[in-house]
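Residue numbers (the working numbering), protein chains in the order written: chain A, 163 to 561; chain B, 810 to 1119; chain C, 2 to 578.
A couple of the hints might just be wrong.
[To be verified] The list that follows gives simulated cross-link-like pairs (lysine-lysine, DSS-like), each with its CA atoms no further than 27 Å apart: (1) LYS404/A with LYS182/C; (2) LYS299/A with LYS285/A; (3) LYS913/B with LYS523/A; (4) LYS311/A with LYS285/A; (5) LYS1030/B with LYS1020/B; (6) LYS333/C with LYS315/C; (7) LYS1062/B with LYS353/A; (8) LYS523/A with LYS434/A; (9) LYS262/C with LYS52/C; (10) LYS884/B with LYS913/B; (11) LYS341/A with LYS299/A; (12) LYS333/C with LYS440/A; (13) LYS434/A with LYS129/C; (14) LYS311/A with LYS1020/B; (15) LYS112/C with LYS55/C; (16) LYS311/A with LYS299/A; (17) LYS271/A with LYS523/A; (18) LYS356/A with LYS1062/B; (19) LYS129/C with LYS112/C; (20) LYS271/A with LYS285/A; (21) LYS571/C with LYS551/C; (22) LYS1020/B with LYS248/A; (23) LYS220/C with LYS52/C; (24) LYS341/A with LYS356/A; (25) LYS447/C with LYS560/C; (26) LYS937/B with LYS913/B; (27) LYS1065/B with LYS356/A.
Derived from the structure by calculation, the hints contain no laboratory data.
As the structure is a prediction and not an experimental result, all values here were calculated from the model.
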Amino acid sequence: MRLMRYRWIAAVVSGGIAWSASAQTARSHYGGVLRVETSDTGDAHFAAQISETLVRSNRHGEIEPWLATDWTHDFANARWIFTARKNVLLQNGVPWAPSESALSIADSKPIEEILVESGQAEKSLAETGPFHVSNLKPGQFARLEASEKYWGGRPFLDAVEIQLGRTRRDQLLDFELGKADVVEAEVTDIKSLKQRSAVVQMSKPLETVALVFENAAISIDVRQALALSIDRATIQRVLLDKQAEVSAALLPQWISGYAFLFLTPHDVARAKELVHGKVNLMLCSDPNDRVLQPVADRIAVDASQVGIVVHQSTGSCDARLFRLPIRSVNPQQALLSMASALHESAPAWAQPYRMERELLKDYHVVPLFHFPLVHVLTPNVRNWSADWNLADVWLEATP
Amino acid sequence: MPRFTFMRIVLVLVWLAATLAYADALEDAAQELAAQIAGHLGAQERAQFITHNISSLPAVDASRARRMIEAALPKHPRAKSVVEITLTFSENAAGYLWVAEIHKGEVEMVAVRPKRAPSLPDRQLLTKRLLWQQSEPLLDVWQQDDTILLLSPTNLAIMEAGQRSEIAIEVPRVRDPRGHIDVEGNRVTAYFPDATCSGTFKPLQLVCENKPSDFSLNGTKVHFTPGRNTLDGIRPSDENVSVCSGLSLTALKENKVELLGKNRAHLDEVDLAGTVTALWPANDGARVVVHNLNTEQYAAYALSVDCSSR
Amino acid sequence: MTFRTKLLVVSSLTVAGAVALVTGAVSVAARRAFERVDAERRGALLQQFEKQIKAQGSEVNAALQRAGSSVLITRMAAEADRPDPDFASFYSDAQLLAQSSGLAFFDVTRKDLTILSSAHWPVRFGYKNDWGSCGTCRIGQAFLTRIPMPDGSAAVALAAVAQQNDVILIGGQRLDAGFMKALGEAPGVRAVLCVGPQECFDSRGPVALSPQLQSLIAKAAHNNNVSERVGDEAFQAALLRESDVSLGVLLVASSLEQQSKLESSILTIGLWVALCGIVLGILLGWWTTERITRPVNELARGARAVAAGNWTAKVNVPPGDEMGELAVAFNKMTGELMEQQNRALQAERVAAWRELARRLAHELKNPLFPLQITVENMQRARSLSAQEFDEVFQEGTRTLLDEVRNFKTIIGRFSDFAKMPAPHFEPVNITEVITDVLRLYEAQLKTNNITLHARMADTSLRIDADPDQLRRALSNLTLNAIDAMPNGGALTFTTEQMENAVQIRVSDTGQGLTQEESSRLFTPYYTTKQHGTGLGLAIVQGVVSDHHGKITVESAEGKGATFVIELPIKQMAAAQV
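Generate coordinates for the entire structure from the input sequences, incorporating the hints supplied.
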């Protein structure tokens, strides 16, 4: 059954929905201001449009040259030397002239690890991206304007206005009122949105929903019991409208290729053996999250069958239901980013499978589902992708 | 030899070349995985495989891969115990991933690239004919006899008698790059939004200048808008290809090219496996380049219009 | 306590007691009447509660029947039989049905009670319903049940079950303030429904229970229909049970305010009446006692005066009633006593004079006879020779002088007795005085073979006394004792401190006294001895009397005699008495 599911995923990967589902006309147009809304309050979505890294992970998860065009190993000095791309300008129009130290990295780690780390957003070198920030109210609003002289070609859009920190419900309302071109939607809204003939774009699974234990005093047995008690299949089928992927892995199958190795058993009998007496557990989740609230409620019902009494809490938590964004298709890069989001120390560099096993040991983190990112678009938005590659987005001119 | 048959042979050879590269990748992956598995087997142990295929790897290739892995394992005739190994042919965004679960508790895996064999070219019938397919963006293609010129944003390649050679082009990048080839005799001119490259293709040599130049489209002088993907000198709605007798070809949103008659009456259409990114006139009709968003392949077709039927 | 006070107290107590008795009786009667009425009112409210339960149960049933005919139920029924029903398709259906039916709780289940959709706990699909009792066995019946809630609490509800094709509909209405409001309230009586430890409400909303009510609820859990008074209300607790499961407690309270007011009024009136009665009693008692105690006091005063020696005391009580007659009798009595006393005194005086004359005659006669003989001898001696006459004359004059001295002594004694001086009081150590006296007669006692015993209580005891007179009195007693034991015996002096007085006992082991002798012992000149003036004990009595004490004798013939003297320690207090 597990492998059948992943066969379907493979079919999707090979012939299913790609990054962008929007149909393309004969030519993409330049111009226009795109209005986007998001529930995020930070700049994680668009930071890469402002500042760039030496290398980056493409949509196949492969590291490709970016600000650096190639890299060579300097055996004598035990360093890797990166070659800077030519004709790159900073936002202010000044040619980018990186220092030697910025282009030279000690070879104390394998080159694969160096490249993965160099491609992380935290390692951005300079503001050489396709957009620059013209107006920023942290946590509320950002206006990005196209950099005319961007080395990769001027973006199609003149500007992007991003409303930050909007709840998904408010985003849909703004969309209905015509205040936004691109908004986020929940996986459970897909059916109703399609029934209203909205342009809904669903990405591949790019968000991991996981239970993270914050209280170290909770024993491993209890954590394992809770993981075994959760009926993921039923939650996915009923509460998530079958729009999510059941998983016990941090990375979805289409990124890692080995997610099937992490089992998702629903074993109430085994769970009961692990729990001695009655255990009380405080579970926190975002009270504004319309999708995770019923999931948390169902987890409480499932857990009660094995003797774990789960109380919903807004204060101190023993465990928290998290949405972890997957910010890279490169498995190792994605895992490093997740470790940072979980405030865990980065796992030792290894094969992605071993890194993920280290993060998941002792049931400290219990992945449950993988969600696609759902966006609702106005019909004139073209080339929108869930990874917020704003430079490639364009607006079809309305007749 | 009919031109079309020759083209087919060329394409099959190209496919075979790609297939051979793919086969090598499978062989290498099998060897590597077998070596990893062997590291977990003792001298008295032999492997017994249970295989699952959850990838797009064709079944025949999966069977072949398994045989290769089994063959690559050291032989232990006197092995007394059997170690069960679950072999899963999986896949991720980067390519195939073969996973061996050794039921002592260990897991080994290897990545396989290239991902898959390109599919055999479509057998287009009379109205469309596949000229070329590649993963790198294709801006325009020109074909004559056994020579194919392929214009990409970063190079101009020539395929001749199964041999490929290419020359790099350094022009300013444009988002949604466009380009056009004009060939006159041995002279080839490649037009870009911010540059024009001229040269010959036998031998293949080009000199580029960072300024756009005019070329003719439907009898109109046009040039690419600097830094953009538009054409100056023509309205977007006129960006079609005039063929014979007042007929024209135009690209439609639904991955089709439509043949229009006089007064823009719909005459015929062809379905294409992707979005039309370029539509240029050709001697016998038009050349169209499509981008298959699913396979991320760029394909160039020759569209032939039977003008005699009008 | 005076008679007046006693009378006042008795009358007050009588009045107060009577009023209290009446007040109590009235209070009890009133309380019983109220309790009957309250019990009836509470019973009526309980019945009303049961009716309300039935009525609402019917409503719930009807709502379920209506819901059963909806399209949603039909669709769910079609899905219900599948081994793996599509819970997603009817996830929200129960909430819609609950809203349209006006029910707070609505579960749609399969026949095996597997929840297909739940209104109040939507995520519970797939699990078994545990509040619909046994499911189909309760179809058509309304019942109370406890419904687990998502937040871990439980709600008590009135539920019903219906069946539509292959699905079971289980719906319910919460028992809350709204239900209690619908129950209504009669004046003076209310109901409080408690469905949880801190979950109690009446028609006005949540109610916080006092510790007494919480205790009442705890008792009701073990013993249905417990009643108790708490504050101004009488509570009756009825346990709500369903299939041996306790779901809550219904407290029906009737206000005891009216009763309390009435009881308070009764008590107040009783108190006022009692107060007035007491005041009246006091006044009446005062008047009564005035009419009784004054004459009695007058009589008492007269009696005290008589006791003090004033035989002429008269009682002034107006005649006309018993007290007047008593006063007259008293006055008459005192008059007669006076006369008798006078007569007795006269007789006593005559007797004393007679005794004195006899004694005097006896005392004087004794020396007179030798005088006569001597003078006759001297007369005869005139005829003798001068030498013989000188001898006779010398002896005769010697004898004459001795007898004259004897006369003088006798006369001196009488004179002394006649004019005993007033005592001069000073602090005197009684033990020292007694010791002095005994030392004086020590040799004589030894000579007469008399053993001396002295038992002094407190050798430091001092009394206000005239030491000389005291010595004289004690000397006389000692001499008397010596005279009473011619053949020897034992003389015992004992002192004992009493309250405000000291007792001196002088005991001998002589021949004792008869009763007559005892009664006349202290009469001047009365003596049992053949010689003596008979003044010794009189002097003793006089001294004791001057010291405001008293002397008695305890004796029986042949058993010795004990003279008991009581002298006050302080003379001022004694003088006042």
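Does LYS356/A lie within 27 Å of LYS1065/B when you go C-alpha to C-alpha? 25 Å, holds
Tell me if the straight-line CA distance from LYS333/C to LYS315/C falls inside 27 Å. Distance of about 9 Å is within 27 Å: holds.
Starting from LYS311/A, check that the Cα of LYS1020/B is at most 27 Å away, please. Roughly 16 Å separates the two Cα atoms, so the pair holds.
Satisfaction of hint between LYS285/A and LYS311/A, Cα-Cα up to 27 Å: 23 Å, holds
Given pair status - LYS913/B, LYS884/B, alpha carbons within 27 Å: 19 Å, holds
Are the Cα atoms of LYS447/C and LYS560/C separated by 27 Å or less? 21 Å, holds
When you check the alpha-carbon spacing of LYS333/C and LYS440/A, does it fall within 27 Å? 105 Å, violated
For the pair we were handed, LYS913/B and LYS523/A, check the Cα-Cα distance against 27 Å. 18 Å, holds
Mind checking the alpha carbons of LYS404/A and LYS182/C for me, to see if they're no more than 27 Å apart? 45 Å, violated
Given hint LYS523/A paired with LYS271/A - CA-CA distance at most 27 Å: 24 Å, holds
Check whether the Cα positions of LYS271/A and LYS285/A lie no farther apart than 27 Å. Since the Cα atoms of LYS271/A and LYS285/A sit roughly 16 Å apart, the hinted pair holds (cutoff 27 Å).
Satisfaction of hint between LYS1020/B and LYS1030/B, Cα-Cα up to 27 Å: 16 Å, holds
Hint violations for this structure: numbers 1, 9, 12 and 26, all remaining hints satisfied.
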